[in-house]
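In this note's numbering, the protein residues as written are 76 to 254.
Careful: at least some of the hints might be erroneous.
[As the list claims (entries may be wrong)] Computed cross-link-like contacts, DSSO-like style, restricted to lysine-lysine with a CA-CA straight-line distance of at most 30 angstroms:
1. Lys-230 / Lys-110
2. Lys-170 / Lys-231
3. Lys-129 / Lys-92
4. Lys-92 / Lys-231
5. Lys-110 / Lys-231
6. Lys-170 / Lys-230
7. Lys-170 / Lys-136
8. Lys-136 / Lys-231
9. Lys-110 / Lys-98
[Claimed, not checked] Simulated restraints, written as ranges between beta carbons of each label pair:
10. Asp-192 / Glu-103: 36 to 46 angstroms
11. Glu-212 / Pro-108: 29 to 39 angstroms
12. Asp-244 / Asn-99: 45 to 55 angstroms
13. Ala-146 / Pro-108: 41 to 51 angstroms
Worth flagging that the hints you see were computed from the coordinates, not collected in a lab.
Just so you know, even glycine gets a beta-carbon here, dropped at the ideal spot from N, CA and C.
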Amino acid sequence: KGSNVHDYCRMLTDGCKFKYVPKNEIIEASDEPLKIIRSQEEYLALYRFWQWMKAVNPVVKAAEMTVFSMAEHAAGTMDYLLEIPGGDYMIAGAKPIHLESGIYLADLKSGNSVDDDAFLQVGAYASFFEEMFKDTEGFQEIKGTLIIHTGASTKKGIEGLTTLVRTRDEMLIDYQDFQ
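Given the sequences, and given the hints that come with them, work out the whole structure.
Okay, structure coming up:
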C-alpha cells in the first residue's frame, strides 16, 4: 500500500488525474487520461494528500529525490521539498498549525502510526540535502521538516490526516540523534 500511495501522490503533484473504480466494476472508457485506482484505502490516502495540498498550496521544488552525505556515507530518498507560504493551516486535526514561510522537507506516511524514527529520517535527509546544495546559487536553508500522515485517526480538519512539524532547531537535533 505505502509505495503505491507514494507513487500516486507524486503523480498527483505532476498533474495526473485519478479515478477510483472498485475491483468488481468494469472500467469505462474516458476521453480524459486518468489513472485508475482499485483500492479504496489507497484512493482515500491520495484524497487526504490532495486535500493537504489544496489547504497549504505549496510549490513542489523536488519530489522523490535521492539525497546523500559524503561525510556520513549515507543516502536516502526524500519525498518532497516544498516551498510553503506562511500561514495557519487546518492540517493537524482540530487546531490550526502555524508554518513560517520557507522551504520544508516533507515525508509522507500512510500507515496507521508514525514511528519515532521518522523524525530522525527526515532530519537526516534535510541535512543531506543542505550538504549537497549549500554552495549553489539561490540556496535556502530548510525551515523545518513535516510528516504528512494520511492514516491518522483525526476527525477534525482533514479527517484521517495529521501533519507533524519540526522546527529547524528540532530538525538539527533529530539529525544529531540520527548520527
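Against the structure, the hints:
Between Lys-230 and Lys-110, the direct Cα distance comes to roughly 28 angstroms. Compliance with the 30 angstroms bound is thereby established for this hinted pair. Distance hint between Lys-170 and Lys-231 is fulfilled; the C-alpha atoms sit about 8 angstroms from each other, no more than 30 angstroms. Annotation: proposed proximity of Lys-129 to Lys-92 holds, straight-line Cα distance about 15 angstroms (limit 30 angstroms). Distance check on the hinted pair: Lys-92 and Lys-231 sit about 26 angstroms apart at the alpha-carbon level, within 30 angstroms; holds.
Note on Lys-110 and Lys-231: the hinted pairing holds, with a Cα-Cα distance of about 29 angstroms set against a maximum of 30 angstroms. Between Lys-170 and Lys-230, the direct Cα distance comes to roughly 11 angstroms. Compliance with the 30 angstroms bound is thereby established for this hinted pair. Straight-line distance between C-alpha atoms of Lys-170 and Lys-136 comes to about 27 angstroms, which keeps the hinted pair within the 30 angstroms bound. In summary, the hint linking Lys-136 to Lys-231 is supported, as the alpha carbons are separated by about 29 angstroms, within the 30 angstroms threshold.
Between Lys-110 and Lys-98 the alpha-carbon distance is near 14 angstroms, which keeps this suggested pair within the 30 angstroms criterion. Checked against the hint of 36 to 46 angstroms, the pair Asp-192 and Glu-103 passes, with Cβ atoms roughly 43 angstroms apart. Separation of Glu-212 from Pro-108 is about 37 angstroms and conforms to the stated range, judged on CB atoms against 29 to 39 angstroms. The hinted range of 45 to 55 angstroms is satisfied by Asp-244 and Asn-99, whose Cβ atoms lie roughly 51 angstroms apart.
At about 44 angstroms, the CB distance of Ala-146 to Pro-108 agrees with the hint of 41 to 51 angstroms.
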